[in-house]
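**Student:** Here are the chains, one letter per residue:
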Amino acid sequence: FQDQTEQFFRSGHTNNWAVLVCTSRFWFNYRHVANTLSVYRSVKRLGIPDSHIVLMLADDMACNPRNPKPATVFSHKNMELNVYGDDVEVDYRSYEVTVENFLRVLTGRIPPSTPRSKRLLSDDRSNILIYMTGHGGNGFLKFQDSEEITNVELADAFEQMWQKRRYNELLFIIDTCQGASMYERFYSPNIMALASSQVGEDSLSHQPDLGIGVHLMDRYTFYVLEFLEEIHPASQTNMNDLFQVCPKSLCVSTPGHRTDLFQRDPQNVLITDFFGSVRKVEITAETLSLDRDVPGLESKFPEEELATEPLKYAEQLPVAQIIHQKPKPKDWHPPGGFILGLWALIIMVFFKTYGIKHMKHVF
Amino acid sequence: QVQLVVPMTVIFAPGSVPGDLPRPLPFRDVQEMEISVNLRTSVTSRYEMHYRSTTAREEAALAAATAREADAALYPLQDTALGSLTMYVVPETSPLLPQGINVYVGKHRSALVRAGGGLAALQARLREVTQLMSFTASSIAAALSDRVPDGQLGPDARRNLKSSLGYEITFSLLNPDPKSHTVDWDIEGAVNRFVKPVLDKLSLVANFSVDSQILYYAVLGVTPRYDKESSSFLLSAHSLPHVINPVEARLGSSAASLYPVLNFLLYVPERSHSPLYIQDKDGAPVSTNAFHSPRWGGIMVYNIEAPASSQASLPLHVDVDMARVMEVFLAQLRLLFGLSREEVPPEFLLESPGNEGLADWELDHLLWAHTVENIATVSTTLTSLAQLLDKIGNIVIKDDVASEVYRAVASVQSAVTELSLGHLLAAFQASKEAVTCSERAFFDPSLLHLLYFPDDQKFAIYIPLFLPMAVPILLSLAKIVRETRLQKKEPTKMD
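So the protein lines, in turn, are chains A and B. Here the first sequence stands for residues 1 to 363, where the numbers follow the working numbering. Here the second sequence stands for residues 1 to 495, where the numbers follow the working numbering.
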């Protein structure tokens with residue numbers, strides 16, 4: 001038991017967070033949503049509560065009109081494991097999953113009106129797990145088929161997090177094609193990264209399901225899920241075992257990892273340091289001695305309501321006026337210098353080549 | 001760069017003046033000590049001591065029967081500014097301090113110290129007392145924990161609550177077996193009577209908001225073991241970490257507040273698992289039957305006595321003894337803030353703070369640590385903000401962000417000045433203001449910079465667009481230039 005306490009104190013974290021991102025939309029990218037939900041399920045099972053998970057899914061597969069089994073997302077063929085369950089809490093859904101929102105979540109530069117469930121409220125004693133999946137390439141990850149996040153931006157976002165001590169240790173897992181390129185540029189301390197394939201390799205999907213009609217999972221995450229199903233909150237499995245998951249014979253691509261920025265030896269890092277939420281606990285040995293005969297103070301909770309006049313129904317803005325409000329006219333700006341110069345050049349060349357006299361042939 | 005100044009008064013009662021004083025009373029002296037946190041950061045502590053002898057009224061107060069009465073009588077005669085300390089040196093044979101006790105620390109900011117052994121011994125004792133009542137090297141290092149190189153801090157250094165503008169406290173009653181127990185707790189009354197005085201005292205440090213809730217059918221994640229000898233159920237110490245997680249998912253938290261949440265849970269075990277005791281690592285049952293988790297909160301198990309007759313009708317009605325519960329919860333609250341009385345030397349006697357929850361000097365202790373922590377946070381935030389803005393030249397800085405930065409800088413400078421003058425309260429408030437402004441500036445949503453243009457992207461996007469367009473233009477330009485040159489050589493033909 002003494003060793004266990006030593007290990008608790010060695011890890012140095014007091015809470016766990018997880019940011020799980022699926023960046024692709026469309027029905028044929030079912031497997032990316034299933035990947036993310038599998039990791040979500042494992043992380044919840046091992047103890048991280050929903051209030052500490054930021055789940056971003058770019059499309060809705062469970063209620064997609066093309067889903068022959070609505071309200072389910074399966075990760076094994078023959079519908080063995082439904083990872084959607086009935087207590088999924090998606091924080092950023094559909095079109096809210098953008099590069100900007102993702103970076104805002106990481107760096108904390110969020111507009112004040114954002115609810116608590118959409119924020120990453122980590123502190124300097126938080127271990128954060130970041131899992132990303134989707135379509136990627138050498139140095140970028142595609143979001144929603146319309147924008148990309150580059151590895152430099154991601155590295156800068158992590159550095160911003162480090163500057164503000166928003167994490168104690170960070171585990172970054174990415175399952176995309178050429179995933180290792182995304183962690184090449186990290187330079188902040190205490191980051192460990194895993195990727196499903198090296199630069200130049202593609203990550204392949206695992207099994208198609210003929211009943212649903214799409215590939216259900218990617219290979220790397222499939223084997224990671226199998227590995228995680230063996231972990232329970234008190235297990236002592238360490239990171240070296242996670243690095244061995246999905247060798248080339250099973251995965252076809254070569255998974256990679258990066259630990260040079262991490263201060264502890266991966267041998268000493270428990271899986272539950274990132275995937276679970278094992279709290280440090282101390283026995284309360286002291287008590288306060290209170291005088292029980294204290295008379296109750298009147299409730300001094302301040303009444304913080306400003307005196308407002310009661311509003312009448314008729315005083316609201318009439319609905320017709322709200323609906324038919326015209327959009328504010330945007331200010332017109334004259335074209336900028338570059339465009340103007342280009343047009344001037346084109347017109348000058350045209351006139352010089354054809355001469356003014358021949359203009360009448362054009363009109 | 002930061003100097004922490006503690007104004008102290010050392011008052012000698014008649015008969016306690018050591019023979020080897022360097023100068024006759026009254027005189028002033030200064031002691032400085034450097035606390036080095038890492039290679040570049042260090043904090044100097046400066047104790048400005050004023051030695052004098054007692055006045056007539058103080059002598060009359062010191063003639064009281066017990067140390068507590070003397071302390072109460074001396075309180076109106078003291079300088080009670082936050083951060084200042086007053087030490088009364090009583091003769092070695094004084095009856096005020098019980099046998100074996102050399103120092104009595106009162107509820108406010110004063111202590112009674114027994115003289116003896118000459119000036120050096122007295123000064124050593126005084127130094128111990130002042131460090132206990134203000135700050136120690138380790139408490140400052142803990143406040144600056146992110147600057148200390150790893151491995152140098154002890155395991156308890158990073159477990160205190162971080163300095164924050166506010167905290168949300170939630171009291172939850174967990175009743176997993178409502179069929180057997182109907183539990184009533186007068187939480188509103190308990191909060192008014194016991195919790196409010198403590199929070200009022202802590203209101204200088206932060207804003208507190210209190211909620212409470214009752215959760216039914218919430219079970220612990222661990223099955224307790226039945227122990228035949230004591231015919232009770234036991235939760236061993238190493239299963240405690242796994243207790244919290246399944247419950248936490250159901251606790252909920254206020255959606256509007258961003259302050260850290262402290263959860264205090266009262267668990268009434270099921271009838272089939274009663275009575276339930278918590279074991280510490282040596283296997284002995286814990287007297288408080290409670291445990292806490294740093295930066296999260298605490299849990300207490302409240303056992304219900306079995307009814308006298310086994311035919312009592314279910315559900316049993318239970319009225320929770322809120323005073324006993326609050327004694328434990330408030331002690332846990334103190335421990336979460338880092339106010340522990342465990343490491344006090346045996347010759348010290350500390351006065352219990354009573355219903356206020358914490359002594360004035362413990363409040364000072366918190367304020368010193370938080371002020372230093374706030375100043376360090378502000379300087380890190382502003383430095384990293386400056387580095388970010390240097391690196392990315394394209395970011396537009398709005399006026400209000402700029403004004404927040406100026407205000408933060410002004411506030412932190414005033415905090416450092418106030419600390420060097422010994423005004424703890426003013427320094428703390430300035431540091432709080434500095435933290436608010438700097439956090440607002442750093443986390444302003446407009447500072448997100450997304451435009452990263454690597455060179456190969458520039459080529460890849462702009463060349464296919466402009467190259468085909470440019471080819472005829474450049475060729476025509478070349479033709480024009482050639483024609484003008486030819487025209488210049490030949491005079492135009494005139495018909």
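Just so you know, these hints were derived from the structure itself, not from any lab. Where hints are given, some of them may not hold.
Listed next, the in silico DSSO-like pairs over lysine-lysine satisfying Cα-Cα at most 30 Å (straight line) [stated by the list, open to error]: (1) B:K489 with B:K479; (2) B:K458 with B:K391; (3) B:K107 with B:K228; (4) B:K196 with A:K352; (5) B:K179 with B:K107; (6) A:K330 with B:K398; (7) B:K196 with B:K162; (8) A:K118 with A:K69; (9) A:K142 with B:K458; (10) B:K488 with B:K398; (11) B:K391 with B:K479; (12) A:K142 with B:K391; (13) A:K330 with A:K248; (14) B:K391 with A:K118; (15) B:K201 with A:K118; (16) B:K458 with B:K489; (17) B:K162 with B:K281; (18) B:K398 with A:K118; (19) A:K69 with A:K142; (20) B:K281 with A:K352; (21) B:K201 with B:K162; (22) B:K201 with A:K352; (23) B:K228 with B:K281; (24) A:K352 with A:K330.
Partial chain B-side listing against chain A, Cβ under 10 Å, derived [as the list claims (entries may be wrong)]: (25) T9; (26) R68; (27) K201; (28) P246; (29) E327; (30) L335; (31) Q387; (32) D444; (33) P445; (34) F459; (35) I463; (36) L467.
Beyond 10 Å from chain B on every Cβ pair, some chain A residues (computed) [stated by the list, open to error]: (37) F26; (38) D123; (39) Q163; (40) F262.
Quick reminder that beta carbons are idealized off the backbone N, C-alpha and C, glycines included.
**Student:** It remains to establish, for every hint, whether it holds in the given structure.
**Tutor:** So, going through the hints one by one against the coordinates:
The straight-line distance between the Cα atoms of B:K489 and B:K479 is roughly 16 Å, inside the 30 Å bound, and the hint therefore holds. Proposed proximity of B:K458 and B:K391 is supported: the alpha carbons are some 20 Å apart, at most 30 Å. Distance restraint check for B:K107 and B:K228: the Cα-Cα separation of roughly 45 Å exceeds the 30 Å cut-off, and the hinted pair is therefore not satisfied. With a C-alpha separation of about 88 Å, the suggested pairing of B:K196 with A:K352 is violated against the 30 Å cut-off.
Our distance criterion of 30 Å between C-alpha atoms is broken by B:K179 and B:K107, whose separation comes to about 46 Å. Taking the CA atoms of A:K330 and B:K398, the gap is about 22 Å. The hint holds against a cut of 30 Å. A hinted pair counts as satisfied when its Cα atoms are at most 30 Å apart, and B:K196 with B:K162 qualifies at roughly 22 Å. Pair hint A:K118 plus A:K69 holds up; C-alpha atoms about 29 Å apart against a cutoff of 30 Å.
Note on A:K142 and B:K458: the hinted pairing holds, with a Cα-Cα distance of about 18 Å set against a maximum of 30 Å. A threshold of 30 Å between alpha carbons decides the hint, and for B:K488 with B:K398 the separation of about 56 Å lies outside it, so the pair is violated. The suggested pairing of B:K391 with B:K479 is violated, with an alpha-carbon distance near 45 Å, which exceeds 30 Å. Distance restraint check for A:K142 and B:K391: the Cα-Cα separation of roughly 25 Å lies within the 30 Å cut-off, and the hinted pair is therefore satisfied.
Between the alpha carbons of A:K330 and A:K248 the distance comes to roughly 57 Å, so the proposed pair goes past 30 Å and is violated. Straight-line distance between C-alpha atoms of B:K391 and A:K118 comes to about 28 Å, which keeps the hinted pair within the 30 Å bound. At most 30 Å may separate the alpha-carbon atoms for a hinted pair to count; B:K201 and A:K118 exceed this at roughly 34 Å. Between B:K458 and B:K489 the alpha-carbon distance is near 43 Å, which puts this suggested pair outside the 30 Å criterion.
Simply put, B:K162 and B:K281 have alpha-carbon atoms about 28 Å apart, close enough for the 30 Å limit, and the pair holds. Using a Cα cut-off of 30 Å, the hinted pair B:K398 and A:K118 holds, with the two alpha carbons roughly 25 Å apart. As the CA atoms of A:K69 and A:K142 are separated by approximately 28 Å, the hinted pair is consistent with the 30 Å bound. About 95 Å separates the Cα atoms of B:K281 and A:K352, which puts this hinted pair outside 30 Å; it is violated.
A distance of roughly 18 Å separates the Cα atoms of B:K201 and B:K162; the hinted pair therefore holds under the 30 Å criterion. For a cut-off of 30 Å, the pair hint linking B:K201 to A:K352 is broken: about 86 Å separates their Cα positions. This hinted pair checks out: B:K228 and B:K281 have alpha carbons roughly 19 Å apart, not beyond 30 Å. Taking the CA atoms of A:K352 and A:K330, the gap is about 37 Å. The hint is violated against a cut of 30 Å.
Interface restraint check: B:T9 against chain A, minimum CB-CB distance 29 Å, threshold 10 Å, status violated. A least Cβ separation of about 14 Å between B:R68 and chain A goes past the 10 Å threshold, and the interface hint is therefore violated. Interface restraint check for B:K201: the shortest CB-CB distance to chain A comes to about 12 Å, outside 10 Å, so the restraint is violated. Hint status for B:P246 relative to chain A: holds, with the closest Cβ pair at about 8 Å, below 10 Å.
A distance limit of 10 Å between C-beta atoms decides the matter here; for B:E327 the minimum to chain A is near 5 Å, and the interface restraint holds. At about 7 Å, the closest approach between the beta carbon of B:L335 and any beta carbon in chain A falls short of 10 Å, and the interface hint on this residue holds. Look at B:Q387: its Cβ gets to within about 8 Å of chain A, closer than 10 Å, so that hint holds up. Hint status for B:D444 relative to chain A: holds, with the closest Cβ pair at about 7 Å, below 10 Å.
This hint holds: B:P445 has a C-beta 5 Å from the nearest C-beta of chain A, less than the 10 Å allowed. Because the smallest distance between the Cβ of B:F459 and any Cβ of chain A comes to about 15 Å, over 10 Å, the interface hint for this residue is violated. Contact between B:I463 and chain A, as hinted, is not supported at the beta carbon level, the nearest pair being about 16 Å apart and thus beyond 10 Å. Taken as an interface hint, B:L467 does not check out: its beta carbon lies about 14 Å from the nearest beta carbon of chain A, beyond 10 Å.
Distance check for A:F26 against chain B: the nearest CB is about 24 Å away, which clears 10 Å, and the non-interface claim stands. Here A:D123 does not stay apart from chain B, with its beta-carbon only about 6 Å from theirs, under the 10 Å limit. Listed as outside the interface, A:Q163 is inconsistent with that label: its C-beta sits roughly 4 Å from the nearest C-beta of chain B, within the 10 Å cut-off. Distance check for A:F262 against chain B: the nearest CB is about 12 Å away, which clears 10 Å, and the non-interface claim stands.
Of the numbered hints stated above, those contradicted by the structure are hints 3, 4, 5, 10, 11, 13, 15, 16, 20, 22, 24, 25, 26, 27, 34, 35, 36, 38 and 39, listed in ascending order.
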